[in-house]
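Residue-level listing of the chains:
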Amino acid sequence: MESLKRALKFQGRDFKKSVWMFWLVLFIVNIGSYVSMYKFNRGFIGIRVSGYGSIDGIDLTLISVAAANLVPIMIFFIVHCYEMYYEYFPVAISFSVTRKDFYKSAVIYNLIASAVFALIQGILMKADLHLVQYLGQNIKSDFGIFNSGTDSIIFIVFSLFICFTVFASAMNLLSALNYKFGYRLWIVIALLGIPYSARTGIPFELIGRLFTERIGAAQFSILAITAIACCVAGFLTVSGTNVKDRL
Amino acid sequence: MIEIRNLSKSYGKTKVLTDIFLNLEDNKIYGLLGRNGAGKTTLLNIVVNQLKCDTGELKYYGEDIYENSKAVENICLVKEKSIPVDDDKVKRIFDMAKTLYKDWDEEYKEYLVKEFSLNVRKKYRKLSRGNQTIVGLIIGLASRARLTIFDEPSLGLDAAYRYKFYDLLLEDVEKNPRTVIISTHLIDEVTNLFEEVIILKEEKVYLKDEVSNIVEKGYFLNGNYENILSVIKGKNIIHKEEFGASAVVGLFDLLDGEEKALLRSRNVEISPMPLQKLFVYLTENNIKKEGH
Chain A
33 MESLKRALKF QGRDFKKSVW MFWLVLFIVN IGSYVSMYKF NRGFIGIRVS GYGSIDGIDL
93 TLISVAAANL VPIMIFFIVH CYEMYYEYFP VAISFSVTRK DFYKSAVIYN LIASAVFALI
153 QGILMKADLH LVQYLGQNIK SDFGIFNSGT DSIIFIVFSL FICFTVFASA MNLLSALNYK
213 FGYRLWIVIA LLGIPYSART GIPFELIGRL FTERIGAAQF SILAITAIAC CVAGFLTVSG
273 TNVKDRL
Chain B
575 MIEIRNLSKS YGKTKVLTDI FLNLEDNKIY GLLGRNGAGK TTLLNIVVNQ LKCDTGELKY
635 YGEDIYENSK AVENICLVKE KSIPVDDDKV KRIFDMAKTL YKDWDEEYKE YLVKEFSLNV
695 RKKYRKLSRG NQTIVGLIIG LASRARLTIF DEPSLGLDAA YRYKFYDLLL EDVEKNPRTV
755 IISTHLIDEV TNLFEEVIIL KEEKVYLKDE VSNIVEKGYF LNGNYENILS VIKGKNIIHK
815 EEFGASAVVG LFDLLDGEEK ALLRSRNVEI SPMPLQKLFV YLTENNIKKE GH
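Each protein sequence line maps, in turn, to chains A and B.
Counted the way the working numbering counts, the first sequence spans residues 33 to 279.
Counted the way the working numbering counts, the second sequence spans residues 575 to 866.
This is chain A alone, in the form it adopts within the complex (with noise of 0.2 Å):
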């Protein structure tokens, strides 16, 4: 426990600052957008989707801005947990931590990058609803897994918890074959897995119910169970992983 609680310190050194600095920057971004779409009508960064018909001949477009931070949320995890074994991973083994430790230490953190991104992108999302709608704009709220509009912020929180979750360990599973297998495991992918989805297109149908299907019972278990065969399928790679001299 002592080990865990010393690696959890050691991975969480960067870990609270490059939040609070991504927050920071996705912020000035937000208030960016309100400002320019409040000042002039255009010019912001967001979603905007028409083709919903029109309203005495204005189109009608609908404009999210909160939304478009899922993007840069889906970077971040990814460069977290890129730098989790390139960096973070080496140094850890070097210096007297144990696999299991780390990959522990590694999961908590996604868990709580998970949950601290769902609240305040939720948080968001509900107030990208009001203030769209103040700056005169149409406000898009469905995004499948929940609408802003109609579900409780609990559940929007919920939802993107999960979701981040799935994505996280999904990421923790693919940067940690990185690590181990270095260039072989895109040398695979390019043979296998891109003309198996080309021919099939079962891995994206999948990843897009995955993200698009509102959660249920039924979605959620789908989900916790893809997030569990991950962290699973993460550790068995990290527990034969040997520390790399060069990558």
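Note that these hints are calculated values from the structure, not bench results.
Quick reminder that beta carbons are idealized off the backbone N, C-alpha and C, glycines included.
It is possible that part of the hints are untrue.
Below, a list of computed lysine-lysine pairs in the DSS-like style, where the Cα atoms sit at most 27 Å apart [said to hold, decoys possible]:
{"id": "1", "chain 1": "A", "residue 1": "Lys276", "chain 2": "B", "residue 2": "Lys700"}
{"id": "2", "chain 1": "A", "residue 1": "Lys276", "chain 2": "B", "residue 2": "Lys676"}
{"id": "3", "chain 1": "A", "residue 1": "Lys276", "chain 2": "B", "residue 2": "Lys778"}
{"id": "4", "chain 1": "A", "residue 1": "Lys48", "chain 2": "B", "residue 2": "Lys665"}
{"id": "5", "chain 1": "B", "residue 1": "Lys644", "chain 2": "A", "residue 2": "Lys41"}
{"id": "6", "chain 1": "B", "residue 1": "Lys697", "chain 2": "A", "residue 2": "Lys41"}
{"id": "7", "chain 1": "B", "residue 1": "Lys851", "chain 2": "B", "residue 2": "Lys782"}
{"id": "8", "chain 1": "B", "residue 1": "Lys696", "chain 2": "A", "residue 2": "Lys41"}
{"id": "9", "chain 1": "B", "residue 1": "Lys672", "chain 2": "B", "residue 2": "Lys700"}
{"id": "10", "chain 1": "B", "residue 1": "Lys665", "chain 2": "B", "residue 2": "Lys696"}
{"id": "11", "chain 1": "A", "residue 1": "Lys41", "chain 2": "B", "residue 2": "Lys626"}
{"id": "12", "chain 1": "B", "residue 1": "Lys851", "chain 2": "B", "residue 2": "Lys775"}
{"id": "13", "chain 1": "A", "residue 1": "Lys132", "chain 2": "A", "residue 2": "Lys48"}
{"id": "14", "chain 1": "A", "residue 1": "Lys136", "chain 2": "B", "residue 2": "Lys644"}
{"id": "15", "chain 1": "B", "residue 1": "Lys663", "chain 2": "A", "residue 2": "Lys41"}
{"id": "16", "chain 1": "A", "residue 1": "Lys212", "chain 2": "B", "residue 2": "Lys626"}
{"id": "17", "chain 1": "A", "residue 1": "Lys37", "chain 2": "B", "residue 2": "Lys633"}
{"id": "18", "chain 1": "B", "residue 1": "Lys663", "chain 2": "A", "residue 2": "Lys48"}
{"id": "19", "chain 1": "A", "residue 1": "Lys48", "chain 2": "B", "residue 2": "Lys672"}
{"id": "20", "chain 1": "B", "residue 1": "Lys676", "chain 2": "A", "residue 2": "Lys41"}
{"id": "21", "chain 1": "B", "residue 1": "Lys633", "chain 2": "A", "residue 2": "Lys49"}
{"id": "22", "chain 1": "B", "residue 1": "Lys633", "chain 2": "A", "residue 2": "Lys132"}
Label-pair restraints from in silico Cβ distances [claimed, not checked]:
{"id": "23", "chain 1": "A", "residue 1": "Phe236", "chain 2": "B", "residue 2": "Asp600", "range": "56 to 62 Å"}
{"id": "24", "chain 1": "B", "residue 1": "Thr588", "chain 2": "A", "residue 2": "Gly248", "range": "52 to 58 Å"}
{"id": "25", "chain 1": "B", "residue 1": "Lys589", "chain 2": "A", "residue 2": "Arg216", "range": "50 to 56 Å"}
{"id": "26", "chain 1": "B", "residue 1": "Arg695", "chain 2": "A", "residue 2": "Ile144", "range": "27 to 33 Å"}
{"id": "27", "chain 1": "A", "residue 1": "Val103", "chain 2": "B", "residue 2": "Glu689", "range": "48 to 54 Å"}
{"id": "28", "chain 1": "A", "residue 1": "Gly214", "chain 2": "B", "residue 2": "Asp677", "range": "32 to 38 Å"}
{"id": "29", "chain 1": "A", "residue 1": "Tyr118", "chain 2": "B", "residue 2": "Glu689", "range": "29 to 35 Å"}
{"id": "30", "chain 1": "A", "residue 1": "Ala222", "chain 2": "B", "residue 2": "Lys589", "range": "29 to 35 Å"}
Add chain B to chain A, keeping to what the hints say.
Frame of chain A, contents of chain B only:
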């Protein structure tokens, strides 16, 4: 303290360690010696959990080491290769070590930083090779790990800093007893540090004994070859240089008082063989028992 049984490791088809058996005791300083590629670094990496062995057992006070945090947290390896950090300042690397080593001594680290005049504000990769080694040495010493391992601790260090390190290590081990393993090629410099020596050769532990026992058996005999041979027949000759009828013979065997007296009476000069020479001759492949 450490018990290794039947340990083997290969990289692909290349065998590096085969059936290694070793027992390391508490509070001793061991010298791990071997030619390049003998498997020293591999063995040390296995001991600290950074590599997994193919077969065999590795125990710390009777408990398996691999993925056992209770065991691993008591072991510190200072590698000959750079610490796997890219762009970090030395100060930050020490902070990482402080976070991860449970018995870290911050006060002692500060003392060592001053002793080695290390600039902790510099980035690690911008340090000279010698100063990078010093960062490792400070981590090893200040970690106060029950088992501290130094793999080539003198890489890039000038003589003054090398001897400073040896003095600091001895001083610290006396105050805070622990087991230390030093793997080095500068054997003569550290002979006085070692209590026991482990020599790896041909994938196996070739020799493990106390330094005093090993050095006691190492002799150079200089004189008429026939005179030397008549006394040391059947003993373990590890080196031979002939100059006409004279020869310098390197012997790795015990000589009793009678044999020494006999050799001296035949004008054969007897001198002790330094550990470094002994190691070189023992790890060459021309060892033979004269007369056998």
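Outcome of the hint check:
1. In summary, the hint linking Lys276 of chain A to Lys700 of chain B is supported, as the alpha carbons are separated by about 21 Å, within the 27 Å threshold.
2. Between the alpha carbons of Lys276 of chain A and Lys676 of chain B the distance comes to roughly 24 Å, so the proposed pair stays at or under 27 Å and holds.
3. Between Lys276 of chain A and Lys778 of chain B the CA atoms are separated by roughly 25 Å; this keeps the pair inside 27 Å, and the hint holds.
4. Only pairs whose Cα atoms come within 27 Å are accepted, and Lys48 of chain A paired with Lys665 of chain B is accepted, the gap being roughly 20 Å.
5. Restraint check: the Cα-Cα separation between Lys644 of chain B and Lys41 of chain A comes to about 18 Å, which is no more than 27 Å; the hinted pair holds.
6. Distance hint between Lys697 of chain B and Lys41 of chain A is fulfilled; the C-alpha atoms sit about 22 Å from each other, no more than 27 Å.
7. Restraint check: the Cα-Cα separation between Lys851 of chain B and Lys782 of chain B comes to about 17 Å, which is no more than 27 Å; the hinted pair holds.
8. Distance restraint check for Lys696 of chain B and Lys41 of chain A: the Cα-Cα separation of roughly 24 Å lies within the 27 Å cut-off, and the hinted pair is therefore satisfied.
9. Taking the CA atoms of Lys672 of chain B and Lys700 of chain B, the gap is about 22 Å. The hint holds against a cut of 27 Å.
10. Proposed proximity of Lys665 of chain B and Lys696 of chain B is supported: the alpha carbons are some 8 Å apart, at most 27 Å.
11. Restraint check for Lys41 of chain A and Lys626 of chain B: the C-alpha separation of about 26 Å stays at or below 27 Å, so the hint holds.
12. The suggested pairing of Lys851 of chain B with Lys775 of chain B holds, with an alpha-carbon distance near 16 Å, which does not exceed 27 Å.
13. Pair hint Lys132 of chain A plus Lys48 of chain A holds up; C-alpha atoms about 23 Å apart against a cutoff of 27 Å.
14. For the hint linking Lys136 of chain A to Lys644 of chain B, the alpha-carbon distance of about 16 Å falls within 27 Å, and the restraint holds.
15. Of the pairs offered as hints, the one joining Lys663 of chain B and Lys41 of chain A holds, with about 19 Å between alpha carbons and a cut-off of 27 Å not exceeded.
16. About 14 Å separates the Cα atoms of Lys212 of chain A and Lys626 of chain B, which keeps this hinted pair within 27 Å; it holds.
17. For the hint linking Lys37 of chain A to Lys633 of chain B, the alpha-carbon distance of about 24 Å falls within 27 Å, and the restraint holds.
18. For a cut-off of 27 Å, the pair hint linking Lys663 of chain B to Lys48 of chain A stands: about 19 Å separates their Cα positions.
19. Restraint check for Lys48 of chain A and Lys672 of chain B: the C-alpha separation of about 19 Å stays at or below 27 Å, so the hint holds.
20. A C-alpha spacing of about 12 Å is found between Lys676 of chain B and Lys41 of chain A, which places the hinted pair at or below 27 Å, so the restraint holds.
21. Of the pairs offered as hints, the one joining Lys633 of chain B and Lys49 of chain A is violated, with about 40 Å between alpha carbons and a cut-off of 27 Å exceeded.
22. With a CA separation close to 18 Å, the supplied pair Lys633 of chain B and Lys132 of chain A stays within the 27 Å bound.
23. A beta carbon spacing of about 60 Å between Phe236 of chain A and Asp600 of chain B agrees with the range 56 to 62 Å that was offered as a hint.
24. Taking the beta carbon of each, Thr588 of chain B and Gly248 of chain A are about 55 Å apart, inside 52 to 58 Å as hinted.
25. Range check, Lys589 of chain B to Arg216 of chain A: about 24 Å between beta-carbon atoms, so the 50 to 56 Å window is missed.
26. In this structure the hint that Arg695 of chain B and Ile144 of chain A lie 27 to 33 Å apart at CB holds, the actual value being about 31 Å.
27. The hinted range of 48 to 54 Å is satisfied by Val103 of chain A and Glu689 of chain B, whose Cβ atoms lie roughly 52 Å apart.
28. For Gly214 of chain A and Asp677 of chain B, the hinted distance range of 32 to 38 Å is satisfied, since their beta carbons lie about 35 Å from each other.
29. For the pair Tyr118 of chain A and Glu689 of chain B, the beta carbons lie near 34 Å from each other, so the given range of 29 to 35 Å is met.
30. About 34 Å separates the C-beta atoms of Ala222 of chain A and Lys589 of chain B, a value consistent with the hinted range of 29 to 35 Å.
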